[in-house]
Structure formats: C-alpha cells, structure tokens
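We have chain A already, so just place chains B and C on it with the hints.
Residue numbers (this note's numbering), protein chains in the order written: chain A, -12 to 643; chain B, 775 to 1080; chain C, 44 to 255.
Just so you know, the hints here were simulated from the structure itself, not pulled from any lab data.
Zero decoy hints are in this set.
Here chain A is said to cover these stretches of chain B; the calculated rule only asks that three of the stretch's residues, wherever they fall, bring their Cβ under 8 Å from a Cβ of chain A:
| # | segment |
| --- | --- |
| 1 | 843 to 852 |
| 2 | 872 to 883 |
| 3 | 903 to 914 |
| 4 | 925 to 935 |
| 5 | 992 to 998 |
Residues of chain C placed beyond 12 Å of chain B at every Cβ, according to the derived structure:
| # | residue |
| --- | --- |
| 6 | V69 |
| 7 | T74 |
| 8 | R117 |
| 9 | I182 |
Here are the in silico distance ranges between beta carbons for each label pair:
| # | chain 1 | residue 1 | chain 2 | residue 2 | range |
| --- | --- | --- | --- | --- | --- |
| 10 | A | I578 | B | A808 | 42 to 48 Å |
| 11 | B | L956 | A | S183 | 49 to 55 Å |
| 12 | B | F1019 | C | S70 | 27 to 33 Å |
These numbers were taken from a predicted model, which means no experiment stands behind them.
A virtual CB, placed ideally from N, CA and C, is assigned to each residue, including glycine.
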Amino acid sequence: MNFLFLSWLVLGLGACAAALPWRSSKITAILGGGSAVLGCLSGLIAAGQGLVADTAATFSLPWSMPGGSFSLRLDGLSAFFLLPLFIIGLVGALYGTEYMQKEKARLHWTWYNLLLISMAMVVTAANGLLFLFAWECMSLTSFFLVITEYDLPEVVAAGWTYLLATHLGAACLFAFFLTAGAFCGSLDFASFHLLSRLTGPVISVLFLLLLVGFGSKAGIFPLHVWLPDAHPAAPSHVSALMSGVMVKTAIYGLLRMCSFFPVSPAWWGGLLMTIGITGALFGIAMAAMQRDVKRSLAYSTVENVGIILLALGFWMHSRAAGQHVVAALALAGGLIHLLNHALFKSLLFLGAGSLMHGSGSRDLGRMGGLMRRMPVTGLMIVCGGMAICALPPFNGLVGEWFIYRALVESAATLSGLGGFFPVMLVGFLALVGGLVLIVMTRIIGIALLGVPRSPAAAQAHEAGWPMRSAMIALALLCLAGGLMPIQLLRVAGRAAVLLDPDSAHLFTSQVITPSWLGIMALLLIGALLAAFSFNRWRQGRGTVAAASTWGCGFAFPSSRMSYSAESYSELAQSGILCSCLTPESRDGRTIGFFPMIRSFVFTAPDPVLEKFFKPLFQRLAGYCRRCCRLQSGNLHIYLLYVFSATVLLLFWAGQR
Amino acid sequence: MRTTILQLFLHLFLLFGLSPLLSGVIGKTKALFAGRVGPPLLQLYFDIWKLFGKGMVISRTTTWIFRAGPVVGLAVPLLASLLIPFGPVGAPISFSGDLIFFVYLFGLSRFFTACAALDTGSSFEGMGAVREVTFSCLAEPTLFFVFIVLARLSGSFSLDAMFGQTLATSWHTAAPSLLLILVCLFIVTLVENCRIPFDDPNTHLELTMIHEVMVLDHSGPDLGMILYGAAMKFLVLGALVVRLFLPGTTGNMALDILLFIGGLLFMAVVIGVIESVMARLRLLRIPQLLVGVSLLSFFSLILLLR
Amino acid sequence: MDTLLNLLLLLVILLNFFLLGSSRLVSCIRTIAFQGGILSLLPLLAHGFSGHTLFLAGVAFLLKGIAIPYLLFRAIRQVHIRREVEPLIGYVPTLILGTLATAGAFIFSGRLPLIPEHSQSLFVPVGLATLATGFLMLISRRKAITQALGYLIFENGIFIFGMLLTEAMPLMVESGVLLDLLVGVFVMTILMHQINREFSTMNTDNLTSLKE
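Only chain A is shown next, with the shape it has when bound in the complex:
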C-alpha cells in the first residue's frame, strides 16, 4: 500500500510541476514524463505486492463528505487491474516524451498523471463515493486528453460525444450507488455484502443499471458509439491507455460489484454473452472497413471487449449451472484476455502512432511501404498483429484458448439447448477470429508493405529511441505471455479467488493447465528457426537478384494500381457481412470514352450512431427546445420562478 501512495505522490508532484509555465516544452516533458515513469514503477511494486500478498491491504481515513470515507483496499482483483495500468502507463509515458513535443500540449502531462492517479484510485477505492469521485476524475482528465488537438473540429466533436456518453453512464452508476447505499446503510464496500440478501427483480434492476453504467465506459455494443471517435482523436499513447486500460476499469467495476451480489442467475450470463458476441462481430466488421488506422484499432477494441464480456458471461452462466470446470476455464479466459488485450492493443496503438509520426497521416491510403523506412516500428506492429490474431507464439492465443476450451467443453458435454448456445458461440467466435486476421493483414499489408502510396510515406522516418523502446518492451511482454502461459494463469488466479472461490481452486490444478501452450510456442519458434536456417543454407548456393515486382508484362506499375484498403475488405463486405454495415460510397463511376476527372468518396460511419443515437438525440433536443419558452429573458419572470420554487419547497417541507 505504501508504494501505491508513493506512486500517487510522485505522479501528483509531477502533475503540479508540469503545470508550471516552463520556458521549454522539453522541461515539461521531462518533468511530467519522468514523474509518470517513476510513479508507475512504484505503482508496479505495489501491484506486485498486492498479487503476492495473501490478505488484502486496507487503508481508511474519514472524509467530510456525507456518506464518504477515504478508504482503500488493495486485494488480488485490484492488483490484477493495477498491473496493466502501471505497465501501460509507464511505457506510454516513455513514448509520450518523444511523441508530445507540441506547444499546445502544455497541460498534457498534468492530465496524463492525474488520469493515472484517478484510474488507480478507481480500482482501489473501497467506498462508493470515493469510487464515483475517482470515476469522474478519470472521465474528465481523459476528456481533456482526448481534446489535446482542440483546434480540429472533429476532435472537439469526438470529445463532446465522449463526455456525453460517459456522463449518461455515470448517471446510472449514481443511481446504483444511491440505491445500494440506501439498502446497505453505508456506501462503504465493506457493508455492500448485504446486497447478497437482495432477491427478485430488484437485484436484476441493479445489475442492468451497472451494465449500462459501466458498459458505456467499456464500449460494449451498442453503447460503444463514442469509442471509435474518441480513441483515435487522442494522442497515441493516450489512446493506448484508454483502449488498453480505461475500458478495463469499467470491467473491473462490473466484476467488483457483481462479487457483492448473490450468485447471479443464468440469464445475466446469457445477456452478457449475447451482447458480447454481437459486439465482437459488429466491432470487427466495422474495423475491417475503416481507412483510419486508429479508428480501425478502436473498433477492434469494441470487438475485444465483446470477447471479454462473452467469456465473463459464459462464466456466470456456467457457474449458475454448477459446472465449475467450464466456469473456471471461462473466467480464466476472460481475465487473461483482458490482461493480454491491454498489452497488445497498446502496442498496436503505439505502433500506429509511430506510423503517424513518421508518415504524417492516419489514413491507410497514404501510407504503404513503411516497413522499409521504419523497420523497428514495422516489426513491432507485426508482433502486435500476431498477438491480436491470437497466433502462436504470442500471448493472444492463451486467452482465446481458454475461452474456446470452455465453449468446446460445454458444447461437447451438454445436450439439448444447453449445448446449442456454446456451439453457436464457437462458430461465431471462429468467424470473428477469421475477420481479425483480415483486419490485421489489411493494416499490415496496406500500411507497412508494398509501395509508398504518398510522397510523405516515401519520406517517412523511424521513431526515436523512447518510442521504439516503449514498443519493444510491450512486444517482449506479449511474447513472454505466450511463452509462459502458466504465469498468466497464476496472475489471473489471484483475481479469480475473489470472484468465484469454487472454480478458482481449479486454476492451480492440472485440469485446465495451459503449460503445453508454452511448450508448443517454443517448439514453433524452433521449427521456424530450422526452416529459416534451411532457407539460408539453400540460398547460399544460388544468386539473389533484385528486380521489380512482376506486373504481368506491364512495365510501369504504380502504387495506385496496388490493392487499397477499401478493395482489401470489399470481398468480405459483399461475401460475408450483413448489408446494413456496407459503407457509403459516392461517385467514382466513369462513363464514356473520355471521362472527366472523377472523385470517389468512401465513408464508413458507425451505423448505430447514425441510425439510432443521432435521430434519438435530435428528437430529444426538439423536445428540450420547447422548454426554452421558460427562458424568457425577463428578469422579473426569473424572480417569480425563484419565489414560486421557494414556496413549493416550503410547502413540501411543511407536509413532511
């Protein structure tokens, strides 16, 4: 616990120091970034202690707020979420020192450090009011980080959408905490165990409040609409922090609150699974259509949150049915995937940021051939891509392996309707897996490989050592997770003990051990090395000549002829995906023998936002505008309002 306070102290001091008007932005970066690195190191020690310790560390101070107390609790579940938080925070800070060198990013480091503090407080708070306070701080600081480039209108629009979404969610959380506090008599989490006495529809209503409240932050379908706009708008290391960690704090909240509830009914799990798989399919389908790298990655976050939700829902479902082995597998899968996603998604966001930094654009159509100019960044993106596609030998496979195993085991043992749903889910999950492969080969193939598609891409430059080392650190962690799956399981086991003691003891048993995955990853690397050395050996005999790509006889191939980002996903769009997701395209059709210059416009806006939320809010705005009549602009009328309100309040108070 002491290290956690130390980390907060360092981060807080850094935030204050970075806010001072230093003469050079370099000093700000060193002060802010340096304090973030140190603070995160100290925080990592705290997380490690929390994971190792058998008992939870607690701390409590009275707080003058009614119902509030400054009480913290660092147990296995908190430590499990602190771990990715401080890892990503650390590498993000390192990355940011090089990435953020613009004048308008003055308060960047202040917000960054404050975001880290508030996120760490969210996962350690043991009081409802403190939790909400930290939650709001987290939302606000991240909002300021999103609008770093506040002179661009689309960034500001994204920021507002984000603020609106997160506050609508927070309203549900307020409702939950007030209800729960009223029932338990206190807002301290210690007294929340009384919630387990609740029965009937009340508890389900509370669960739905939680789902909407946390869901809007986690970006679960269909509340994800802010995510694909806000994550790309932020600077890349902040996108990494938001996609990798911040959406997970919402999952933390859901899990923590559910641990206070009585054993959940099966339909909660069913609901989570349905939302999860729908979101996964939707997210990955949308990711396949985006031209903007970071937007594509943001949609892939929607997909991964869907998969995590699917696993957790399956855990709830099987726990309610009393199948502990399957429940253990699903829980392990969900938690491990959560951790892994934090690592590889951050890696990919940092890589995408590096590509932007080097080529000056987020548009896939303006990149191309960057692997030659930026070899390290390229390699790191390939590593991240393999991890997110769940390919061996990286860590992504471990989580998915557990989830698949849970589904396959229950599909192979249950009969009737009980076996029907896992079978369907396996099918959909396999489809999602295939689509992820399309998305990642698309990003890698269009952005990194082939020929440069713009002059800027042809002149791209590699990132400096802070950015490179940040990416390398994450890639090594991804590889380590793939080679040592047992350690991942052990870490997840610490969190699982608090969630589901019945199945958590299976985590250490031989029943679900993933040790073979590590061995297979090693064998795979061995086989690759063998094939590689064979290739080198044979090549030694012959000559290697360089020539241009064979263009089927055409002598002047240009980048405009190679496959573009749109054409890459066209077949999937027309062959597999639902037509309601088809992006809008205008023009581009040439007619006649000597066609004029034509332009082709291709946009893939979010269908849920465009077809549901926007009309809904426009209608709401119409209703609200009618209320504007109350605002007459006349001072006397306003005074009348005040007077009548006072009279009404007095009357009401008198009635009681």
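For chains B and C alone, coordinates are given in the frame of chain A:
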C-alpha cells in the same frame, strides 16, 4: 518414451517422404481422364529438388516479410503434423485442447502468406491475399464444428484421442453425423489446399485463383519451400480425412500403415476425379457454398446434441 | 431397417437445405421429385409391407415423384423461367434461418412429451424441420412457382408427420390429402399461367394490385 520417438520418426518420414507424391497422383489421374500421359508421379519431387538448387529473383519493393512467408509456410505444417495421428501411428504430441492450437497454427501460416503476397505491392497478389483470408474465415467455423463432433463422440479434447481408437465404435453409434462431417472435412481440405472447385491450382494468370497468385513473385528455394509446405499441409489435412474414413485397425502395424497410405492415395485419386469432372465455381458462389458447409457441420452437431 | 429409415430422413433434411440454397428452378423441381420418391419409401420402411402401406407408397410415388414434378416442369416451360433471381431474403440468410429452424426442431422435439416408441425416432424433428423449410420458402421467395414449391415442401412435412399415424388413419383420409395436393398444384399452375399472361412476369408482388 520410446514409442513417442518412434512415432516422431514415422511422422516425419511420412510427412517428408510422402507429401509430394499425392500431388503427382492427382496430376496422373487428371491426365488419364484427359487422355494424356501426364507428368511422372514423382514430378513434384523433381520440381522441389530443382528449385532448391536455383538462384532467386526478389522484388525490390519487398522486405523480410516476403522471405518469412515460405519459412512459416514450411514450419507450420511440420508442427501441425505432430499433433495429429497418421492413421495407426499416434500423435507424438497431444494435450487437452490441442485442437484449438491446431486451428490457430494454420492461421499463422495464412497470416504470413497473405502478408508476403501484399509485400510485393502487386494487385494480383493482393487479390489472392484477400481471397485467401476471406474464404478461410468461413472455413474455420466448419473445422471447429467437426472437431466438436469428434470431441463429443470421444469424450476427449486432444486430436490424438478424437481421431483415435474410439472412432471405429462411433461409426456404429453415430454414423449419420460422422458421414456428414467426413464430407465437411473433405471440403475444408479442398478449400484449404486450393483445389477445384474452389481454386484452380493450374491456372496462373486468370483472375480466378487464390493460392497460386499469391506466390507469383517467389522463386528458387523460396518457391521450393512453398511447394513443399503446401504438399505437407495437404497431407496433414488429408490424413484427418483418411483417418475418419478408415478408422479401424487390423492389428498389424505395418499393414495399418500401408492401409493408411493407400487411403491417402485413394483420396488423391478422388480429388483428381473431382478436378476432372467439375468446373471451378464462380467466385461469388464460393462464400455461399462455404456457409452451406458450415451449416451442414453445425447440423451434424445438432444431431448429436439431441 | 431403422438405420436405413434414419438415413433417409436425414437425406430429406439435406434436400431441404439444398432447396433453400439453390436458385435454379429445374434442379429445385428435380430435388422435390427426389424428396417425394424418398417419402414414398417411408411407409414401407416404417410399417412393413401390407396392402395399406403398399397402396400409400404407390400413390405417393406416383403423385409426389412423377405427376407433380411433371406438371411443374411443364409450367416452367410454358412461362419460360429458369431461376429465381431476386428472393425477398437472400439465399445465404435463408439457408442460415433454415438451419436454425432445423436445429430448433430437433431440440424442441426432444422436449415434447411423446410416447416412448416415438421419442427416439426422427419422424417428429424431420417433419417439423420440413414444415419450417416450407414456410421459409413460402415467405422468402417471390415467384409463384417457388411459392408452389414451398407449398409442396410444406406438404411433405405433413406427410412425414402422418407417418406416425399411418396405422391409425383410414386410407380414405390419406388419399384425400394426396388428391388435394394434386388439385392444389393443378390450380397453382393454371394460376401461374394466368398471372404470367396478365402481368407478363411471375412476381407474386403484382397480386397486391388486386386489392381494393
């Protein structure tokens, strides 16, 4: 321990020795149908040998990814073959849940083949890459459904046991399901190995093909490794089909191995016949057919769920 | 005998899938004829050889296997159409819906309180699945001829259900049903001819103009 090493050697021997032969058998069958003499049975051996001794031409736009494609393409079937039984010879490596690893292992080779194709910057190869990743996206659920059927019948989650001794008895109890998944697995084998009616392994420049177009720019030892890797992949998936088709044992190990090899050759002949009598499907029909196949495998699973 | 019966019923389901996924009318009609032929074997396999079952099989074969397909073939020759071009719901979605309906039929029939001797047989689920397929066909296709096909599949489903009751049902009722079917198809083909002459297309959408 000794049996494991023996199995390992038998596996590697069959994999390296036998895999190019299958393509020769297919070619010979097709030649017979067309009334030609056709290339010799061992043509692919000669091709690979020749390519291994040649120099290379590499496109200037390419990077290390282009060279990684063939390497992964050879290493993946090699590792995957160790997870499955070759007829009576059990798998050297087996663990609970290896079926998931098996599926994703092929994902790895697809990832690198597609990336290597895109690395050349040619639109032809890009086209091939798109088709490869898109179609296999639809073939993957089928593979999972097939494996779940077998897991359900055998009560085990490792490929070795799923394709093991219990298979013969399962044919008595659940023949319809097994028949259906045999068909499905065969079709997946055709898709994954780019055979007619999904892809034409003989055309090189029509815009109809998938796999061949992706390797247009590879040459020399790289191309040799791709050809060898493709042959191995064919053997690996084919071995599953043959095992499903011939689950029984005679009790004599040598005879069983011969039976297994005979089964593989028979499958090659069947594919040759199919390629001779069928035309390649229209490209837009392929997703429909693949969805149909996954639904078929889903249905075979439902038959068991009841 | 039972294995053969089950295999035939599964074949019926596979033919259902094929019908949902195919756009060519000629092959659809052939498939329906084939399905009818299979169905006519069912009474013999399920209840053994007797005068009753032989008659039923013979009539079913003549009608479902020969007469109705012949009528349909003649109809499509007259109106010159080869394939259903624009279904209301695409082929892949109908196929998926069909599979889900079939899966639902299998799972649902497992929960029905059937008498023990029927609980293991495939008659109930296959009958339900075929009914659902017929419905899907009726809902999702535009052309009058494919509507007729859907109606036929629907009737096949009822026939499979009827197999459970063959012992109990008087011969007269069954012959009546089969005859009804024949008359239905007759009327349908005549109607198709008329629609074609009147609107010069076969889309049943045009029938909406007949409302007030």
